[in-house]
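Visitor: Protein chains in written order, with numbering that gives the first Met the number 0: chain A, 0 to 409; chain B, 0 to 409; chain C, 0 to 409; chain D, 0 to 409.
Only true hints are included.
Just so you know, same-sequence chains aren't split out, so a pair can sit in one copy or run between any two.
Result set (BS3-like, lysine-lysine): computed pairs, CA atoms no more than 30 Å apart in a straight line:
id: 1; residue 1: K208; residue 2: K123
id: 2; residue 1: K408; residue 2: K295
id: 3; residue 1: K116; residue 2: K54
id: 4; residue 1: K54; residue 2: K208
id: 5; residue 1: K123; residue 2: K214
id: 6; residue 1: K404; residue 2: K295
These aren't lab readings, by the way, just hints derived from the structure by calculation.
Number of protein chains: 4
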Amino acid sequence: MDFSPSPRAADLTERVRAFVAEEIEPVEAAYHADLAEQRRGGDPWQVLPVIDELKRRARDAGLWNLFLPAGHSEGYGEGLTNVDYAPLAEIMGRSAIAPLVMNCNAPDTGNMEVLLKYGSDAQKEEWLEPLLKGEIRSAFAMTEPGVASSDATNMAATAVVDGDEVVINGRKWWSTGVGHPDCRVFVFMGLTDPDADRHHRHSMVLVPKDAPGVKVERMLSTMGLYDEPLGHGEVSFTDVRVPVENIISGPGEAFSIAQGRLGPGRVHHCMRLIGLAELALELACTRALERSAFGKPIANLGGNRERIADARIAIDSARLLVLNAAWKLDVGGPLNALSEVSQIKVAVPNMAQGVIDLAIQLHGGAGLSDDFPLAAAWTAARALRLADGPDEVHRGVVARLELGKYGAKR
Amino acid sequence: MDFSPSPRAADLTERVRAFVAEEIEPVEAAYHADLAEQRRGGDPWQVLPVIDELKRRARDAGLWNLFLPAGHSEGYGEGLTNVDYAPLAEIMGRSAIAPLVMNCNAPDTGNMEVLLKYGSDAQKEEWLEPLLKGEIRSAFAMTEPGVASSDATNMAATAVVDGDEVVINGRKWWSTGVGHPDCRVFVFMGLTDPDADRHHRHSMVLVPKDAPGVKVERMLSTMGLYDEPLGHGEVSFTDVRVPVENIISGPGEAFSIAQGRLGPGRVHHCMRLIGLAELALELACTRALERSAFGKPIANLGGNRERIADARIAIDSARLLVLNAAWKLDVGGPLNALSEVSQIKVAVPNMAQGVIDLAIQLHGGAGLSDDFPLAAAWTAARALRLADGPDEVHRGVVARLELGKYGAKR
Amino acid sequence: MDFSPSPRAADLTERVRAFVAEEIEPVEAAYHADLAEQRRGGDPWQVLPVIDELKRRARDAGLWNLFLPAGHSEGYGEGLTNVDYAPLAEIMGRSAIAPLVMNCNAPDTGNMEVLLKYGSDAQKEEWLEPLLKGEIRSAFAMTEPGVASSDATNMAATAVVDGDEVVINGRKWWSTGVGHPDCRVFVFMGLTDPDADRHHRHSMVLVPKDAPGVKVERMLSTMGLYDEPLGHGEVSFTDVRVPVENIISGPGEAFSIAQGRLGPGRVHHCMRLIGLAELALELACTRALERSAFGKPIANLGGNRERIADARIAIDSARLLVLNAAWKLDVGGPLNALSEVSQIKVAVPNMAQGVIDLAIQLHGGAGLSDDFPLAAAWTAARALRLADGPDEVHRGVVARLELGKYGAKR
Amino acid sequence: MDFSPSPRAADLTERVRAFVAEEIEPVEAAYHADLAEQRRGGDPWQVLPVIDELKRRARDAGLWNLFLPAGHSEGYGEGLTNVDYAPLAEIMGRSAIAPLVMNCNAPDTGNMEVLLKYGSDAQKEEWLEPLLKGEIRSAFAMTEPGVASSDATNMAATAVVDGDEVVINGRKWWSTGVGHPDCRVFVFMGLTDPDADRHHRHSMVLVPKDAPGVKVERMLSTMGLYDEPLGHGEVSFTDVRVPVENIISGPGEAFSIAQGRLGPGRVHHCMRLIGLAELALELACTRALERSAFGKPIANLGGNRERIADARIAIDSARLLVLNAAWKLDVGGPLNALSEVSQIKVAVPNMAQGVIDLAIQLHGGAGLSDDFPLAAAWTAARALRLADGPDEVHRGVVARLELGKYGAKR
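Next comes chain A alone, as it looks inside the complex (with noise of 0.2 Å):
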C-alpha cells in the first residue's frame, strides 16, 4: 500500500501546480465574467479565446492528455499510474477550466480511453487523434430520459446493423460536451440484440455529430446552471445510418466496455472532488477569519470551529480512499478495486457536498452568488452522486461484495 508519488509525477506535480497558479488563476475570474456577459447576450455556446490560448501554453509546456494510463498512452502523455495521477486530477479539480485546458476533462478523457483500448486503426485515426490533439470534442450518449438510467440495461434506444450499417434510434441526455461548437461525434450506447443475454444486448456506436437524424433538442440545467462551454445536451436519434465498422470492438459488446471506461473515469472525477473540496475548505478559512460578528472573528463563533475540523478530517479521509482505490487499480486493474471505486463514487461527492455546503454557509449570501466558485462547486459535488450511477447503486456493489465474503450469491 504505497501511495508515494514516483519522482516524475511529484516533479509534474509541481509543474500542474505552477501552471495552475500562474496561468489560469490569475485569469479565471475575468473568464468567468466574460462568460456570464456572453451568456447574458443570449450566445453562451462559445469558446472564449482565451481557452484556446491557454491549450496552447498547457501543450507547449507538456502538461497535456496526463491522464492517459500506464500501458495505453502509446505515446501520448506520460503514462502515469493512477497513483501518481491522482495529485494531478486534484490540482486540475481545483479550477473549472484546467481539466479543459490540459485536455484531461470528461468526457473527452473516457472516450480517448475507449478508442485507445478497444478502436480499430481506422477509429483512432478518425477520432482519437483529433481528440488527443484537442482539436476537436466528444460526448457520450448513454443515459435516456425516459427509463431510470441508474440501471443501465434499462436503455431503449436502439442500434440495430441492417447490412453494412447500423441504424440508431432513441433519444439520450445528460450527454455532456455536446454544446461545444467543436464537439464532433457521440460514443452512442444502444440496443442492438434483446435476444442476446443482459450484458451482451447493447453495442457502443460512433455517430458524428453532424450524421443526418441527430438533433440537438435542447440543452439541460443542472441546479440552473449549463456548465458552458461544454454543457448537457438532449439528443434524438432518428434513423440515423452510420457504417457497420462504427462499431467499437464489435456488436453487443457495450457492457464490457462501459466497466473499463467508467472505472477510471469515476476515479478521476474524484480526485478532481479533492481538490474542489480543498479550494472550499481554504476560502471558508480565509472568510472565516477576514470577517467578524459579535466581536469575534466568524471561524471562532459557535460550532464553526469543529466544523472545519470535521471538514479537513473528511478531506483527509476521502483523499486517502481514493488513493487507494487508484493504489487497486494499478496493483490488479478494475476487478481488483470494483469496491474501491463504488467506495469511492459514494464517498467523495458526499463529503465534497458537505464541505462546499459548509463554505456556503460561511460565506453568508455571497456564497449563494456566483462572486466565488462555491455555488457551482456544490453543483458539481450534487451531480456527481448522480452522473456515473447515484449513491444507491454503488453502495449496493459495495454491500454485494461484502456480504460475497460469507457466502451470499448477490
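Chains B, C and D: place on chain A using the hints.
Guide: Relative to the frame of chain A, chains B, C and D by itself:
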C-alpha cells in the same frame, strides 16, 4: 395548545387550495417556459401578463392580503391568526408564483406590516395603499456586502439626519424584489447615531427607488437562479436625500421595528417551505412508483422506503413545530415565541433541504434540471438557511433562552 | 388538532409532578445505591421496601393506574384520553421507578389493557384484579431467541389445543418483568394453527409462572444493565398444560389483540422517553454551566450551545409528534393513527438517544458512570429502537401508508 | 506515503492472527462466562487462570511487548514502527483479552513508554522491568472528579516537594487498571508549582499502590460494565509521601511527558477500535444472512445493504486515516502528526460507534445482551470519545492547526 383552524380559516384553506389547483397549477409549467424563453432572449425582468391576470382573479375571489395579521388588518384582508394563516401559506408555498399572485409574498408582506404597525398616516397613504392593492412593489435594504450581516449591528451604511432631510450612503445587497419593474420603494436600514447604545443606532427609512443617488448595481444569482421577476439586487446609495418624515417611527428605531418585522416573516417562510417539502415528497413518491430499475419500482429498492418514511416524519414534525410557534405568537406575541420562532427557522429549512434532496435523488438527472421544480425548491430551502439570520444565529437564540432557565446571563 | 389538556388532566399533571418531586426524587439516589449494594451482594432480584411504601402513597394520593384509557377504565383510574395522559407519562418517565410506583409500568399496563378489553370475567377476576391493585405482576412472552422476531409471524413456539387444555412449548426471551418476585403470570403468544392464514395462526394464552414446565433460564442484560427489579428473562416452556379457558379471546386471535395492545404501549414508551430526554437536557445545561475549561463555562465552548439548541428543537418536535399521535388515537382509534404511532416509535427513541448522548458527553466520564442516570437513560432509549418493533419495521409501516396514497399496494 | 508493512511486520501479523484465532478466540466465550459467574458470586476482581496461561504462551511465541516503539525497545519487543504495529494492534483489538495477553494493553503500554523514555535507571529497574515481564501492572492517575479534566491544566491534586519527599494529595478517577490484583504503582500527575507557567506546574510521580494514604474508594462502571479484571478506579491520595526520586524527569515536567505518552496511546486505541469495528461488521453480515424476516434474509430488507456498504466505507476510510497518522509519526515524530493524531481520535471512535450500532440493530435484542461482544464493543467506542481527550478538544486541535495555515494565532 390548540392548532385547529377556525371555521373561517378552514373555509379559506379550501378556497386557496382550489384556486391554486384550478387557476395556478394548470398554467405554471407554461409560465416557467415563457420565463425561460424571456431569459434566453436577454430580457428577464419583465412580468408576464399571466401574473397580472391571476392577481386580478385572486383579488376578485377574496384571496388577497391574507397574511395581514389579526389586529392589524385595518379593513384589509381577513385578520387571521398565525395558526389560521399557516395552512394557507403552506398551500401557497407549493407554487413559485402563488404568493405573488395573492399579494402574500416577501418582502412586501413584511414591509406592509411595518407600515401598518409603525407608519405615519402620510407614509401609509403614499406607500401602504398601493402595496395593499398590489399596484407597486417594495424591497428591504438591510444586508451589506462589506460586513458579516448575521450581526445586524455590523451595518455600516448611514442614514444621517441633516436638517429636515436624511442623507443615505452605503451599499446593500440581497434586496429582494428589486428586479420587479413595479418596485418603487426601499425600506432602508442605516446607521444614524453611532454613539447611541447598540440597539438604538440605526434608523429605518423609506427611500424611493428613483431617488437620485440610488443605483441598482447588479442582480444576484442564488445557486445559478435569479428568481425573476422579483430578483435580488445589489444597490448603491450615494448621497441620497429624502425628507426626514421618511424615517419610520423616528431615528434609532430600526432594531425594534426589525424585530417585529422579521418574526412573522420567518414564520411565513417556514409555512411556505412546509408546502414545498410536501410537494417534493409527492413528486418523489410518484416518480418512485412510476419508474423501475433492476426489476422493481424504484420505491422498493435499497433504503428508498426508509427515506420516504423519514421524509414523512420530518415534514410532520416540522409542521407541528411551525404551528406551535404560530400558536405561541397568537397567544402571547413575539416575546412569547422568541425560542419557537428561532427553532423553526433552524429546523424547517434544513428539513426541507433534506426532503427535496431525496426527491432530486429519486428523479435522477431530471431532478437537477428545470423539468421539475425541485432544483428551485432546494435553492429556496438552502437560501433560507442564511436569509433572515443564518442557522447559527438562531441556534444561538434558542441556546441562550434554554441556558437562561438555569441562570446563564447570556 | 387540539393538544390542550382537560382541566382534570391539568390538575393531575400538577399532582403527579409534585409527587415525583416530593416523594420520589428525594429518595431515588439512595434507592439506586441500595439496589447496587444488593446487586453486589449477589441478590439483585429483591424489591426494596421503599417501593412498596411509595406505591402505598401513590395509591392513597389517587395517582394510580392513570394509564387506563377512556372507555376502558371500568371504575379504575381516571379514564384519561391519550392527550391527557401524555404529560403525566412524561413526568413519570423522568424517574426510573415512578411508573412502577404508580402502577403505570410496562408490560403490566399492556397486559391489563388486554384483559380489560378481551379478557373473560374469570380471567379478569383471577388476574386483572390483583394487577390493578398492584399485588402481582405479569410478563409478556412473545419474542423468541431462535428467529427474527421483528417479523412476528416467525414465532415458532406452540400453543396447541388438546381437548380442554392448551399445550405450550417453546422458548421466549426479553420477557420483561420476569425478575420481579411478584411476577405471577405470562401473557404467552404461540402458534396454534399453522394452516390458518398468516394473521390467525397464533393464540394468546395466560400461563401461570409456576405452572409445571415453565423455567426461567436466565436474566438478560441490556448494555450491561439488568433493570432490576423487573428484569428481562429468557424462559423455556416445556409441555406446559393450562386450561383452554386461559386462551384470551379464543384461538387464533393473538394478532388482533397484539395490534391493540402494542399501539398504546408504544405511545406510552414514547411519552416517557420525552421526559427522560428533558431530564438529560436539564442535567446537560446544569453541568455545562457549572464546570469550566479553558477559562469558560463548558456551555460556551465550541459547538456546545448549538448542540443544546438542537436538543431543545428535537425534544419539542418529538413531543408535538407524540401529542399528534395521541390525538389521532383519541379521535379515531388505532386504525386512524397507524402511521403516527409508527412515526413516533422511530422518531422518539432516536431523538432521546441523541439528546442523552450529548448530556453524557457534557458530563465527561461521569456521564458514563452510574453517578448520573444518563447511562441507564441512554440504554432505555437504545433498547426502544428494537423493542416493540425495530426502527426499520416502523419505517416500513410509514412508507407503506405514504406510498399507498399514490396507489401502491404494499 | 508508504503504508506497506515491512516483511518482519507482515510475518508478525500472520503470527498474531494465528495466535488470536487458535489460542484466544476458542476460549473467549468460556472466559466471559467464567467472568460473569465470578461477578455474580460477588468477587469480580480476580484474574482467571486462563489469562496467565495465555500470557505464558504469547511470551513463548515471541508475541509480547510488540507495542514497544522503534528506537525505544531496548532489547525488548521488536522495535516496530507505528505503521508496522497498526495491523497487529488491529487484530488484538478484535478480542477483549488479546492486548492483555500479549502485554500490549493500556494503560501499561503508555506507562512503560514513559519509563523507557524518561525514567531513571532506578525507576526502570524497580518498575519497568517487572512491567515488561508482565509480572505487575500499573495505573495512570490524571483525571479528577472535581474538575473538567478535558482541560488538563484544571488538575487540582497536588504533588508538593517537601525536602527529599513529595507529598501527594487529591482525588483521581478513571484510573484504569486499578482493579487488577497485580496493580502495584500509579503514574500520578499533580500540581507542584502553581506559580510556574501553565504547562510547567505539574509533575508526574510514581506512587506505589500500597503507600500509606492511597485508597481505592470504589470501582467505576462504564455504561454498566466494570471491565474486569483491569477496571477503572476512583482513588484518594491523602498526605501520601514518596521519595523525591519518584518524580519522573524532574518537577514540572508532567505536561511534556504526557504529550509524548498520549500521542502513541491514542493511535493504539484507534488501531484496536478498527479491529473491533471489523469484528462488528463480520458479525452483522453473518447475522443478516442467517436470519430471515418477511420472507427474505435480513440483509436484503430495507436499507440494510446500504448501511453495510456505508460501514465498509467508514472502516476502510478510518483505517487509512490511522495508517496515515502512524506514518506521519514514524517519519517526523509527534510534532509532525499533531493534527493527524487528533483527527483519528475524533474519527475512529465515532466510526466504530456507528458500525457497532448497526451490528447491534441487525442482531435485534441479542445485540444488546452479553451473548455477543457488541454491547461491550459499543461501550469501548463510546468511552473513547471521552477518554484521552473528548472529541471536542481534538476537533479544537485540528481546527487550530488548520486555521493556523492562514495566520490565525490560536
